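Starting from the given sequences, assemble the full structure and let the hints guide the process.
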Amino acid sequence: MSWGTELWDQFDNLEKHTQWGIDILEKYIKFVKERTEIELSYAKQLRNLSKKYQPKKNSKEEEEYKYTACKAFLSTLNEMNDYAGQHEVISENMTSQITVDLMRYVQELKQERKSNFHDGRKAQQHIETCWKQLESSKRRFERDCKEADRAQQYFEKMDADINVTKADVEKARQQAQIRQQMAEDSKADYSLILQRFNQEQWEYYHTHIPNIFQKIQEMEERRIVRIGESMKTYAEVDRQVIPIIGKCLDGIVKAAESIDQKNDSQLVVEAYKSGFEPPGDIEFEDYTQPMKRTVSDNSLSSSKEGKAELKFGGKSRGKLWPFIKKNKLVSLLTSPHQPPPPPPASASPSAVPNGPQSPKQQKEPLSHRFNEFMTSKPKIHCFRSLKRGGVTPEDFSNFPPEQRRKKLQQKVDDLNKEIQKETDQRDAITKMKDVYLKNPQMGDPASLDHKLTEVTQNIEKLRLEAQKFEAWLAEVEGRLPARSEQARRQSGLYDGQTHQTVTNCAQDRESSPDGSYTEEHSQESEHKVLATDFDDEFDDEEPLPAIGTCKALYTFEGQNEGTISVVEGETLSVIEEDKGDGWTRIRRNEDEEGYVPTSYVEVYLDKNAKGAKTYI
Numbered sequence: 001m002s003w004g005t006e007l008w009d010q011f012d013n014l015e016k017h018t019q020w021g022i023d024i025l026e027k028y029i030k031f032v033k034e035r036t037e038i039e040l041s042y043a044k045q046l047r048n049l050s051k052k053y054q055p056k057k058n059s060k061e062e063e064e065y066k067y068t069a070c071k072a073f074l075s076t077l078n079e080m081n082d083y084a085g086q087h088e089v090i091s092e093n094m095t096s097q098i099t100v101d102l103m104r105y106v107q108e109l110k111q112e113r114k115s116n117f118h119d120g121r122k123a124q125q126h127i128e129t130c131w132k133q134l135e136s137s138k139r140r141f142e143r144d145c146k147e148a149d150r151a152q153q154y155f156e157k158m159d160a161d162i163n164v165t166k167a168d169v170e171k172a173r174q175q176a177q178i179r180q181q182m183a184e185d186s187k188a189d190y191s192l193i194l195q196r197f198n199q200e201q202w203e204y205y206h207t208h209i210p211n212i213f214q215k216i217q218e219m220e221e222r223r224i225v226r227i228g229e230s231m232k233t234y235a236e237v238d239r240q241v242i243p244i245i246g247k248c249l250d251g252i253v254k255a256a257e258s259i260d261q262k263n264d265s266q267l268v269v270e271a272y273k274s275g276f277e278p279p280g281d282i283e284f285e286d287y288t289q290p291m292k293r294t295v296s297d298n299s300l301s302s303s304k305e306g307k308a309e310l311k312f313g314g315k316s317r318g319k320l321w322p323f324i325k326k327n328k329l330v331s332l333l334t335s336p337h338q339p340p341p342p343p344p345a346s347a348s349p350s351a352v353p354n355g356p357q358s359p360k361q362q363k364e365p366l367s368h369r370f371n372e373f374m375t376s377k378p379k380i381h382c383f384r385s386l387k388r389g390g391v392t393p394e395d396f397s398n399f400p401p402e403q404r405r406k407k408l409q410q411k412v413d414d415l416n417k418e419i420q421k422e423t424d425q426r427d428a429i430t431k432m433k434d435v436y437l438k439n440p441q442m443g444d445p446a447s448l449d450h451k452l453t454e455v456t457q458n459i460e461k462l463r464l465e466a467q468k469f470e471a472w473l474a475e476v477e478g479r480l481p482a483r484s485e486q487a488r489r490q491s492g493l494y495d496g497q498t499h500q501t502v503t504n505c506a507q508d509r510e511s512s513p514d515g516s517y518t519e520e521h522s523q524e525s526e527h528k529v530l531a532t533d534f535d536d537e538f539d540d541e542e543p544l545p546a547i548g549t550c551k552a553l554y555t556f557e558g559q560n561e562g563t564i565s566v567v568e569g570e571t572l573s574v575i576e577e578d579k580g581d582g583w584t585r586i587r588r589n590e591d592e593e594g595y596v597p598t599s600y601v602e603v604y605l606d607k608n609a610k611g612a613k614t615y616i
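According to the working numbering, the residues represented by the sequence shown are 1 to 616, in order.
Note that these hints are calculated values from the structure, not bench results. It should be emphasised that the depicted structure is a prediction, and the values quoted were computed from it without experimental measurement. Please note that a few of the clues may not be correct.
What the hints assert, rightly or not - The following label-pair restraints were derived from C-beta to C-beta distances:
| hint | residue 1 | residue 2 | range |
| --- | --- | --- | --- |
| 1 | A235 | H17 | 53 to 59 Å |
| 2 | L448 | Q420 | 16 to 22 Å |
| 3 | Q457 | V435 | 22 to 28 Å |
Unchecked claim - Restricting the straight-line Cα-Cα distance to at most 25 Å, the calculated cross-link-like pairs of lysine-lysine (DSS-like) are:
| hint | residue 1 | residue 2 |
| --- | --- | --- |
| 4 | K273 | K254 |
| 5 | K71 | K60 |
| 6 | K110 | K33 |
| 7 | K110 | K215 |
| 8 | K407 | K417 |
| 9 | K52 | K71 |
Built from N, CA and C at the ideal position, the CB exists for glycine as well.
Rendered as structure tokens:
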């Protein structure tokens, strides 16, 4: 099958078909190019997605990736990043192996097609020229024959006419002969041109056109083969990355299989275990027996029973403190512990509504107030006055035992790393100094003495620091019961480890409103520990609602911690009524609150307010 023999008369259609073939090739190139752009865009989106969910450095989010599930997720993100890289490889290979080659081949194909059809048009023009020559020779031969025939007829007519002179007859005879010769010459020329045209025409249809069409056929077949090879390459480029993509997917599966729920549960225990023992049973307090308590000007309770109540009923009660809301503790810690001053002499106590309590009335035990706080609505108060400067203690004594042990262990590990780093630097300087001693031309050994001394001093400081933290760590671990045979000792009593905290906090407390009252050390320690450890946790609670209003009957100068100054006639909001100790808690302008003597104000309670008591 040959286009030259089968399609010898389809020059124009072949020209259209070959142009269509080039258009198809260019369309395929455009398809591959858009596919590469999609691959690049997809890879970019995958990388951005992976980057978006990567944990941020030096953030709390980074700490969460210690859990196996989070580690598996991180591995998935990394594998997706590699997965995106394979799509970039697909794009690069398709561009280099298909798009670039085909674009170059299209240019070559266009040039070859142009050359072949140029030769075909040239052959067509030549045969058309031969045909025109043949037609011209034929018309001339025809014309000469007709003129020769007319000249012959004219001669015969003249020769037959007796009236015509002999000279005219001879002239007609000569003219007929000339025309006859011209016809013979035209015939010979026509015959020659005809033979030549037939030869050219045979060569055109049997040699030139078949050769040209054969070249065009071969060109078209090469184009078809090339596009087929490009399609194979297209598939191979995808197939080449399948093993690597499979490894990425295998990595994701392996990461998923590495998730250990038990290990994650253990990590939660290690992260949040406080080391405290569960609270014990609450002792029964018999309210049927009269409770004796001596109110002193120097202490809340001078008896041993008073101290026991301050510690919430002994060891078991002391263990309840991690579950107390901050506002309850604040009220407990910041309310004045001294009976309020009497009202000015100008007024009789009996004439003052809600006047101060009778001297015979006993102050409510602290444990009773604690139990009441446990069942009342949470309250808020500023704990900043109880903070130790707002700075975490160096020995982490404000942390629960187990968390404190971890903090100290981490600090010791960090210090050991710093010591190792400084030691390596000292060794490097020492070696350099030895080199300078052996080869003075390389440098002055004395120039390194200052640096060596500085590094040595740093090492000594770090070692002393490490010893200090190791001592605290040993102190904590010595109090904690064993976790396991291999693990170090962990949890224990919190009171032993907070001695330093109590010591620091003890200096922050002020005296009672009248300046004559000083708390006992055990009471102060207990309050400070509670305030320091749980201050930050409840700073954001909502303010206490007002349960009524009050009007100041006298001017009161609140100069001590927990009190607030009022002016006679001033109206304020009541947020906590008298608990039996002679003090009422009030608020001014939603941001200033404190205690005033109950006898100095006239209280109007809202009976519908939550927390308001009804007096009978």
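Checked hints:
About 27 Å separates the C-beta atoms of A235 and H17, a value inconsistent with the hinted range of 53 to 59 Å. For L448 paired with Q420, a C-beta distance near 20 Å keeps the hint of 16 to 22 Å intact. For the pair Q457 and V435, the beta carbons lie near 23 Å from each other, so the given range of 22 to 28 Å is met. About 31 Å separates the Cα atoms of K273 and K254, which puts this hinted pair outside 25 Å; it is violated.
Restraint check: the Cα-Cα separation between K71 and K60 comes to about 15 Å, which is no more than 25 Å; the hinted pair holds. About 20 Å separates the Cα atoms of K110 and K33, which keeps this hinted pair within 25 Å; it holds. About 13 Å separates the Cα atoms of K110 and K215, which keeps this hinted pair within 25 Å; it holds. The suggested pairing of K407 with K417 holds, with an alpha-carbon distance near 15 Å, which does not exceed 25 Å.
Proximity of K52 to K71 is assessed by CA-CA distance (about 16 Å); at most 25 Å being required, the pair is judged to hold.
In the structure shown, a violation is registered for the earlier hints numbered 1, 4, in ascending order.
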